[in-house]
Structure formats: structure tokens, C-alpha cells
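Engineer: The lines below spell out each chain.
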Amino acid sequence: MTIWLTGQGVVGQRLIQQCSSQKISLTNPRRDPLPDVYPGDIVVLAYPGRHRAVVEHAGQQGASVIVLADDLNDTQQLFELDALFTSQQSSLVVGAAMSPGLSGLIARHLAGRLHRVDELHIAMHGTAGPACARVHHRSLSGHAPGLMDGEWKEFHGGSGRELCWFPEPIGAVDCYRAESPLPILLHRAFPEARRISSRRSATRRDRLTARLPMLRPPHAEGGVGALRVEVRGATTDGARETLVMGIAELVGSASAAVVAAMITELTNEGLPTGVVIPGAKELPTHRLLHHIQGHGVRIQEFTGQPSD
Amino acid sequence: MRSQVRFLLAPLRRPVGPPFAVFMDTTALRNSCSPHSTSLLFQRQNRGMRFARRIISALVMTIAAAGAIRVKGRGGTPPRHGGWRPVRIPPTESETE
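Protein chains in written order, with our numbering: chain D, 1 to 308; chain U, 1001 to 1097.
These are computed hints drawn from the structure, not numbers from a lab. Quick caveat: nothing in here was measured; it's all calculated off a predicted structure. Take the hints with a grain of salt, since some may be wrong.
Facing chain U, from chain D, some residues (calculated, C-beta under 10 Å) [to be verified]:
1) H156
2) E168
3) F302
A few chain U positions that, by computed beta-carbon distances, are all more than 12 Å from chain D [as the list claims (entries may be wrong)]:
4) Q1045
5) G1048
6) V1071
7) R1085
8) P1086
Each residue gets a CB set at the ideal place from its N, CA and C atoms; glycine is no exception.
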């Protein structure tokens, strides 16, 4: 079994560090996007843009594929490959980064403490490498899908400001709706939820220049980022409950930890066949979160009690 | 008596030239003393002063109100730190606390 890594950006580099015990074969997405894979191999696509053709090629060869999924249209196209991967007895993990990815796993963990899940609200701060920063820039001018009372609505990116509290050292940051496949993925994992929203942090300058090309090249790495997952629902006695969990971590490291956890699970026990969405009921969420914590990601829960 | 009251309530007469006319040379003074230019300049200055005075009084009132709220207000400052606690997730669901 070979692990193929396509794209050696910040996430790719961190993944190589975190999976140092495993042999990883590197491929270049520009020169050699379609490596010769064999049944049982794992292909990790850690680069931005469209992946449909590469995923289909790998699926036809019987390999399992892990996609970070940051493109809304591409993600929707990947759902069409469910039958192909099911017939090949392999897995296609869609959204294995910090958000989507870790956000879904945390949401599922929190949902286990509730009788019924009504609302899911995810907020994210920070970016990994330059490619991630470009996606963030574009997302603020795109169309942001959101589920409101069971109906899909399309909002303008950069709208819907909300002050979100992240774990320290990030604290309170203004977050806005942004183009992301996360609500669609979460809706597949939590079909009972009536409201799903996804927000990303942005400054005034980010929103002002969102419709322009990037005025200056992005940073090599975006510093410490954060994730906040808020699940609202009802307990068995009918009481309303709001549970919040999050992380404050380098986005590249957290994303690589999610991919590494998926690789560990694929090589050991295996994941369900077909399209796999982090947060889905049939996934071993606790084991995956345990692996992620083993890679140094500190998950925190909001208690509301101030610490001096 | 009535005329005296009327005199006291009557508006003050505007000065003929701009207030800084004494610093001008004679040509400038002559030009500025034409009936049109004098009144226009004075009106502009007067309007500008009134605007500046309004801004200053608005600022003073805002600062006074903010100070009063800060000194007399109750409830204190909300916490800006804390509220998060690290959690350790076990590998199996049965071990969850």
C-alpha cells in the first residue's frame, strides 16, 4: 500500500512531518497529477482547485482518496462519484481539513450529548498557506450557502457579521458568511439540522478588497488560526442546550492532523466505502478525534466560566 | 424706559471689516472693505466658528456622558479572557464523561 501526496504546500509539508513513520510518495499536481495508483493505495490531494478528474482516475484504479475540499462546485461534483467508490470498495473522504473536516467531527462529538440537533454554526479564523489565503480572499466575494429553517438560501459572501469568541489567544473576532462547501457537507452528515451556517473571520480591508485581485502576495503561513463549533439542540427532557467547542492552532497543522487521522483509520480499521464526510454518523468520530489530539491539536470546550 | 429696553434687546451691530483687517496692508484692506466681500468673508468665518463650536460642544458632551456612565455605571467590565477548558476525547464513545 502506498500513500500518495499531491501538493506540498503548508498542509502537505506538515503531513509529511506528522506521518514520518509512513512512507509517502510525492507527486506534483502540475507535472504529474494522475499517478499510477493500485487498489488499496491512499491518495491525498492537498492543493486547491478542481479535483474531480484526479479523484475519478484514482477511484477507477481502486484507491482511496482524501480531499481537503475548499471549492463549493468541485465538492458537489465529488458527490457524484459515490457509486464508483462504493463499487470499488474504497473510500472518498471529502473535506479533511480544519473546516470542513475537524468542524464536522467536533459537531458529531457534541451531537452525541444531545437528543436532537437543531442548529450548527461554524466559525473559522485564519488560513494555512498562500493557496488557502487566496481561497479565503475569493470566498468573501462569492455566494455563501446557508440552511435557514430547513431551506437553502444563498447569501452574499462578506455579509452577516457576527462576533465569534474563539479559544485563546484569538479571542473575539468578527466573522462573516463566506463561500464554503461546509454547510452542504454538514447537511449531509446532519440531515435533521434546521439551521446550518458557516462563517470566516475577516477584516475591513479583506471585505473591501474581496472583489479585487489580491493587492499583495499572501503570507507564507497565516499564523495561529481558530475554529469554533456551536451545536444547538434539545436534551432528552426537552430542555434547549447550546454546546460550543473549538481549537486555537496553526491551520496547516490542524488540517494535516485531520488528514493523518484519516490515513491512520484507513490503514488500520478502514472507513466506510463510498463518499465519507467527517461528521457522518457511521464514522468512528471518537477514534478520529483521539488521533487528531495525538498529533498535538488541543480541543477546548466553552464553559462560560472566566479563568483568572 | 421702553426705548432703553428696545436698545438693550437690539442685536449688536456687526463690525465693518474682518477682525484681522488691522494686520492687512492698505490694498488688501481697500479690497476687503467693499460691501460684498466684507459681509461674505465675515459670514464664512462666522459659519466656520459656529461649526467648530458645535463640534467642540458635541465632543465635550459625549466625553461627559461617557465619563458619567463609566463612573456611575453598574455591572463592571465583562470578562475578556477564559471560558475555555481543554478536553481529552477518549478513543471510544463509552469512555466519554
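Engineer: Hint by hint, say whether it matches the structure.
Structural biologist: Status of the hints after comparison with the structure:
Restraint check, H156/D versus chain U: the minimum CB separation of about 31 Å is more than 10 Å; hint violated. The restraint placing E168/D at the interface with chain U holds, with a minimum CB-CB distance near 6 Å, inside the 10 Å limit. Taking 10 Å as the C-beta cut-off, the interface hint given for F302/D holds, the closest approach to chain U being about 6 Å. For Q1045/U, the shortest C-beta to C-beta distance to chain D comes to about 37 Å, beyond the 12 Å cut-off, and the non-interface label holds.
No beta-carbon of chain D comes within 12 Å of the beta-carbon of G1048/U; the shortest separation is about 32 Å. V1071/U, annotated as away from the interface, keeps every beta carbon of chain D farther than 12 Å; the closest lies near 24 Å. Some Cβ of chain D comes within 12 Å of the Cβ of R1085/U; the nearest lies about 5 Å off, and the non-interface call is violated. Not every beta carbon of chain D lies more than 12 Å from that of P1086/U, the smallest distance being close to 5 Å; the non-interface claim is violated.
Hints 1, 7 and 8, counting from the list given before, are not met by this structure.
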